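Participant: Quick note, the sequences are listed as chains Y and H, same order. Counted from 1, the first sequence has number 83 at position 83 by our numbering; the numbering is strictly sequential. Counted from 1, the second sequence has number 91 at position 91 by our numbering; the numbering is strictly sequential.
Be aware that a few hints might be false.
Stated by the list, open to error - Keeping only pairs whose Cα atoms sit at most 30 Å apart, straight-line, the calculated BS3-like set for lysine-lysine is:
1) Y:Lys296 / Y:Lys216
2) Y:Lys22 / H:Lys274
3) H:Lys274 / Y:Lys296
4) Y:Lys216 / H:Lys274
5) Y:Lys22 / Y:Lys296
If you are wondering where the hints come from, they were derived from the structure by calculation, not from laboratory data. Small disclaimer: the values here were computed from a predicted structure and weren't measured.
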Amino acid sequence: MNAASYSKAAGPGEGFVERHFKAFTLGPAIFVLLLIGLFPLVYSLLVSFQNITMSEQNTSFSGFIHYARLFQDTRLWQAVLHTAIFTLIALPIELVLGLMMAQLFLDRMPGRQIFVALLVLPTVVSPIVAGATWSLMFDNRFGPINQIVGWFAGQPMPLLWTIKPTLVYPAILVCEVWQWTPFMFLILLAALSNVDQSQLEAAEIDGAGFWRTFFKVVLPAIWPVMAVAIFIRALDLARLFDIIWALTRGGPGTMTETISIYSYTIGFQQFETSYTAAVAFLVIVLLSVIVTIALKRVGITR
Amino acid sequence: MSAVRSYRSLALRYIAATALTILFLFPIYWLFMISFKTPDEIYSVPPTWVPANFQFKNYAVLFQDGDVTAVWNSFVVAGTSTVVAMFLGTLCAYSLARSRSGGAALANWIISQRMIPPIAVVFPIFLLYVWLGWVDTYGGVILLYTAFNLPYVIWMMRGYIMDIPIELEESALVDGCTQWQVLRRVAFPMARTGLFATAIFTFVFAWNDFIFALVLTRTEVTTYTVQVTHYFGGQSNFWAKISAMSVLGTLPVFIVVAAMQRYLVRGISLGAVKG
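Here chain Y stands alone, though its shape is the one from the complex:
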C-alpha cells in the first residue's frame, strides 16, 4: 500500500478519527463497560444507605442500618456456607475426574476427536436447561434415575431427589459435576498434550514411576493452565444459580440457598430493595478484591 492509495482512500472524517485514534477505539467500549463496571457499585452503595422496602420508599439517608443487619442475617451466612460447600465439593471432583478422563484420551487413539466432541456437549448446554434436564431425570416416578437405583436395590426406589434434605445436595452436585467435568477435561487434555515429550522420556529413563513423573514433571508443566481452569470454575461456582433454580429453588426450606439465590429472593420476591443493594455492594467489593488478587497470581494476563 502506498501514499497514493492512502490519499485516495482517506475520507473527510478520517483525519478526526486519526487524531483521536486511541479515544476512538477505547472510548465506546469503556463507556459501555461502565454500565456493569461502575454503575452497579455506585448505585448499590447509594441505595444501601436509603431505606426502600416493599412498604416504605424512604430515600433519605438512613445510615448503616442495612450493613448492621448483614452481620445478624443468619440466612445470608448460611447461603455463604452453602455456596462454599458446593464449591469445595464440586471443584475437586470435577478437577480429578477431568484429569483422569484427559489421561485416558492422551495417548494415540484413532477416533479420539469424535469422543471429545461428544463429551464436551454437556458444557455447552445452557445451565438452566441442564438443571431442567436433571430435574426430569430425578423425577421420583417417571425419571430413569430411580429406575436404575431400583435395579441395584432390587426393589422400587421412589426417592425424592429434589425434596428430601439428605438427597438435595447429591442431586445438585451430580448435575453440576456432569455439566462441568467436560470443561475441565477439555482444558486439561489440551494442557497434557502440550507437555514436553523429552522431559517425560527423561523421567522414564531415570526409572521414575507414573506418580513420581506426574508430580515432578507433568503437574508443574500443566499447572499454569490448570490454575486458570480452577480460577474460572471457582468463580462460576461462587455465583451458582441456574441449576439450583431449576432443581430446588433453594429448598427444601433454605437448605440449598446460595448467595445468588438468596440475593434474588430478597431483592425480587421480598422487595427488600435497600438491603439487597447492601448485599450486592458487599458481593461486588469482596469479589473484586478476590479476583484482582487471583488474577495477579494466576498470571492470566500474559
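Use these hints to put chain H onto chain Y, whose structure you have.
Facilitator: Then chain H, alone, in the frame of chain Y:
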C-alpha cells in the same frame, strides 16, 4: 508380546471411552427423547427409554401457541448484542494489544468485570431500568448483554491480535496507511478466524444466559431459557414443553460448537490454552 499388550490396552481404553461417553450423553439423550414421546410414554412407570414412534406433536404445540417467539427473542437479543460487542470490543482490544493502552491494569480491570456474580450487577441495573422504563424491552436487554459480553470479546480479541506478527502492520504504516486503514485492512483480516470464533462463543454465552433474562424480561422479550422455567408448575410440570423448548434452544448450540471444535478450548479457557 508388547504389541499384544498395547492392543489390549487400546481396546480397554476404547471400552472406557465409550462407557464415559454414554454416561455423559445419557441426560441429553433423555431430554431429546422426551420431546418425541406421547403423554402416555412420558408419564409411564417404569419410564419409556425409547419412544414407540417419533412424533413431533410436542414441537407443533409450541409453534401453535406461539411459544417459539421465545427462541426468536433469544436469537435477536443474543445476535444483536454479539454484533455490537464484537465491534466495540475488537476496537478496544486492538488498542490494548498494540498501543498497550492502560497497560496490564486496564486489561485486568476489564476481564475482572466478567468474574463478578451477575445477580449483584443486575440488581442495581434492574432498578435503573425500572426508572427508565427499559425493563422487558429489546434495547435494555441487548445493552446489558453487550456490556456483559464486552470483557470476553476484548480479552479474547486482545489475545488473537497479539498472535498476529506486528511487522505487517508496521510496514503498512510505513507505506503511508492511516492507523484506521491498518486496522481495517491488515489487522482485521488477519484476525478473522479469531473474530469468528469469538463471535460464536459470545453468541452462545448470551443465548444460554438465564439470570439476566429472568430479571429483565416479563412477557415481550422472554428468552427461551426463561420460557423453559415457565413450564415448571407447582404440582405438575409440562414435561413435553420443557423438553421440546430445551431442544429448540440446545440444538443450535450443538451445531455451532461442533463447527467450532478447533477453537473450543481456547474459547472456554479465556485464551489460557491456544488450541
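Participant: Does each hint hold? Answer for all of them.
Facilitator: These are the hints, each one checked on the structure:
no.: 1; hint: Y:Lys296 / Y:Lys216; result: holds, 24 Å
no.: 2; hint: Y:Lys22 / H:Lys274; result: holds, 28 Å
no.: 3; hint: H:Lys274 / Y:Lys296; result: holds, 20 Å
no.: 4; hint: Y:Lys216 / H:Lys274; result: holds, 24 Å
no.: 5; hint: Y:Lys22 / Y:Lys296; result: holds, 26 Å
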